[in-house]
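*Asks:* All chains, full assembly: derive it from the sequences and hints.
Heads up: the sequence lines are chains A and B, in that order.
With the numbering used here, the residue at position 477 of the first sequence is 934, and numbering never jumps.
With the numbering used here, the residue at position 22 of the second sequence is 235, and numbering never jumps.
In short, the hints are calculated from the structure, not lab data.
Please note that a few of the clues may not be correct.
[As the list claims (entries may be wrong)] Partial list, computed: chain A residues near chain B (C-beta under 7 Å): (1) Leu646; (2) Leu647; (3) Leu883; (4) Ser893; (5) Arg894; (6) Ile900; (7) Ala906; (8) Glu909; (9) Asp910; (10) Ala913; (11) Thr915; (12) Gly918; (13) Asn920; (14) Met1016; (15) Arg1017; (16) Arg1019.
It should be emphasised that the depicted structure is a prediction, and the values quoted were computed from it without experimental measurement.
Note that beta-carbon positions come from the ideal geometry of N, C-alpha and C, so glycine has one too.
So the chains spell out like this:
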Amino acid sequence: MTDTLQIRPEAAAAPKPAIPLPTAAARAVTAAGAVLTAASAFLSWTYSSQFPGDLTVTGYPGGLQWITFTGGLLTLLYLLVGYGAPGLRGLAPGGAEGTTVILAVGAAATTWFTLIAISVELGGLANLTTGGWVAGVASLLAVAGALGLPRDGQHPQGNRLGVLLYPGKRPELRPAEPMPAVLEVGVVLLTLAAALGVFAYGVDTSYAELFAGFLILTGFAAWALNRSGDFARLGEIMQRHRVLASVGAFVAAGLFPFTQTGGSAEANANLGVSILIFAATALGLNIVVGLAGLLDLGYVAFLGVGAYTAALVSGAAGTAFNVQFPFWAAALLGAVVSGIFGVLLGAPTLRVRGDYLAIVTLGFGEIFRIVVQNLDGTSGPNVTNGAIGISNVPDLNILGFDFGSAHSFGPFSIGRFANYFELMLLFTAIIVLVFSRSANSRIGRAWVAIREDETAATAMGINGFRFKLLAFALGATLAGLAGTVFVHVNYSIVPDTFQFAGPTPPNSAFLLAAVVIGGMGTVSGPLVGASLFFLLQAKLSFLHDYQLLLFGLTLILFMRFRPEGIIPNRRRQLEFHESQTEGGQEGPTPELRTAEA
Amino acid sequence: MTDTTTATVDNAPAPGTPLLQASNVVMRFGGLTAVNDVSLTVNTGEIIGLIGPNGAGKTTFFNCLTGLYVPTEGTVTYKGATLPPKPHKVTQAGMARTFQNIRLFHNMTVLENVLVGRHTRTKEGLLSAILRGPGYRREEAESRAKAMEYLDFVGLADKAGSLARNLPYGEQRKLEVARALASEPGLLLLDEPTAGMNPQETRATEELVFAVRDRGIAVLVIEHDMRFIFNLCDRVAVLVQGRKLVEGDAATVQGDERVVAAYLGTPYEADADSTTADDSTTPEENQ
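*Replies:* So this is what it looks like as structure tokens:
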């Protein structure tokens, strides 16, 4: 072991397994562990049905046992891939062994999370039945077996413990085997369906323990799929069928309300539409932060401008103007007014750079909230009804389609929030289109150039101020557009929603975190980041008091271990991990980069 | 790349029309006068060198020309029109520059860098970018074709897809030239284009500059490499302590003892002489 550590990483591509076992024995142990883990989900794990999900039933899995079951099956699947099972080889172009390790650890983590949760909530280990112990031991057995498999990753030089436990960096992908176009289309559709399924399941998790278990396994599975090279391969296929993939993604998202049946359907649809609003706003912020590189800490104010504008022309009782615009006009007005505010706030603030800009935008964000609070008839003219806000915002009615009531389509019936979900999905599609097209154009290049080096950008003929203002205004417009739906979904609007930081989204800090953690400058990054953030705070409500603390911890951990975000922009990934990815190429030598004379 | 020889004799200074005229440019930072009453004319088709010891004010003078600094006194005209003191308007007018310490957009690809250079020569706005009409697509395709042409010109066409930061040093310099050329300038300003290069790379840069001039673009170049400068330039101006000491062809400048003194220093007693020579300002040698 020590010998291999001395050798350069290329040469030490495959160090010895962490647990010295003959390969055949390791496979057998892993297989036995994985099968037992999956099978144990059919046993009862506890005596008391007080633990949510009722894990007392022998014969079929319930609640968290489904998660363990899935984890066991996934481990088994990738073990078979590594074994060279016919038809499965294509599943791990970057090596199956490391993937198996990650999945086995993931399965063990959810299983032990469940066992610990049972013991803690019901008071003691005595609450676990034999079935529970079987699950725990089997999942650890799978991990031990997987650690005995031959290693296929690239291992950095470093401490022994790290090499022991770390499944290795993904090696070079095997070249893709040519696939008939029909099959590729099938893969795209299957992926979208799987994504919809996972998302729908996550939203539908009805108690915090289940969501936490789901999150643990999803996290490990995502890591595993990244390690196995499946994500990279999928990305290539998606790229080849870009139109199908993006249209398909929106169709899949549109089907989400139809996957939600039963008692919590409306609540889940509400969660869905809130996620969309949050994600669409984050995407607008991504123009400002991700493309143009302007740190805006008061961005939620633009969501507020759009929302208040739409509320004021919605015909709600008690507003200053007793008018009711058709929704298309209200949405347009909200976007335009928000864009104008973007210009008004941007024109003075964009004269400062960097940290100063962050401070000034933070101030403007707060000013918006306080102004709205004071336009109540006592401190100022009554426009926004002050801290009480505007309530009873009427439901939309577009072309006779009443958003306030349930509608049935054939065997399906979707309720109020699902109606809004579909509307917001349309708006999100528009925002995604605007973002991706402007990012990939002369305008977007100018933004990125300004972010990279403003002096060089102006020397190339880019009017820095004008383009920064344009980014600010476009970002504000998109947030305003999202705000117009926001106010109708929530019936009412109060100024306190639009804070810099708070325990509930949307607030500027969460929006920024969704962009940064999701992946700056990408389309899907903020969407994923926003969904994750929203679900976390909605599902793990028992953590409410510690939410900001955990939020800060998450940010620190991300900045330490994955500064490029969940979905890295190709450029940023190179920027942050250059030493690991690029060997020989060197930039200018340091002494040549000293300041200009 | 065109294989142009380095013989200055062949490229006898074309009379040309004045392209850039800087007259009596003064740049003060508080009490420090970095550039003091410098006048310089660049005619079409010329390669002009600007040399001087470190801290002589060469780059400051460059920044005054390109609008990065607003000169305290004096005017800069390009093709007879006074240049606005805004860098992006200077580029729009037809002057492009490179930087002493390379300032590429490191996290953009090589092609994207050059496309940014095309910024002033394209005009599709946000709305057309979102709507992607036929006009937008035509312009974008044209832009890409032009950008590839410039990359081909400097010899980087095969690197179009790689990140600028991953290019070796010499190629980063070339990319900066390609990016500047993409703005279709009439005058290219190069700030120490061979800094940190080995003799072969310097030689390649020399040929690149000649090739640029053969495209009808005048060049103003700051450099410390004397061989490079004297091979390349039709005229050379020497800047010392913010003042223009002398201007003329290679022989004139090389023969001028004040230039030698500025670079190598003078014996103590000769110091007084050289300062008086300084005060009597510089002889303008406009061919």
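*Asks:* Now, for every hint given, state plainly whether the structure supports it.
*Replies:* Hint-by-hint comparison with the structure:
1. Leu646: violated (26 Å)
2. Leu647: Violated. Min distance 30 Å.
3. Leu883: Status violated, d = 16 Å.
4. Ser893: violated (10 Å)
5. Arg894: Hint on Arg894(A): holds, closest Cβ of chain B at ~5 Å, below 7 Å.
6. Ile900: Where the cut-off is 7 Å and the nearest Cβ of chain B is about 5 Å from Ile900(A), the hint holds.
7. Ala906: holds (5 Å)
8. Glu909: holds (4 Å)
9. Asp910: holds (5 Å)
10. Ala913: holds (4 Å)
11. Thr915: holds (4 Å)
12. Gly918: holds (3 Å)
13. Asn920: With a minimum Cβ separation of about 5 Å from chain B (threshold 7 Å), the hint on Asn920(A) holds.
14. Met1016: violated (18 Å)
15. Arg1017: violated (21 Å)
16. Arg1019: violated (17 Å)
Figure legend: structure checked against the earlier numbered hints; hints not met, in rising order: 1, 2, 3, 4, 14, 15 and 16.
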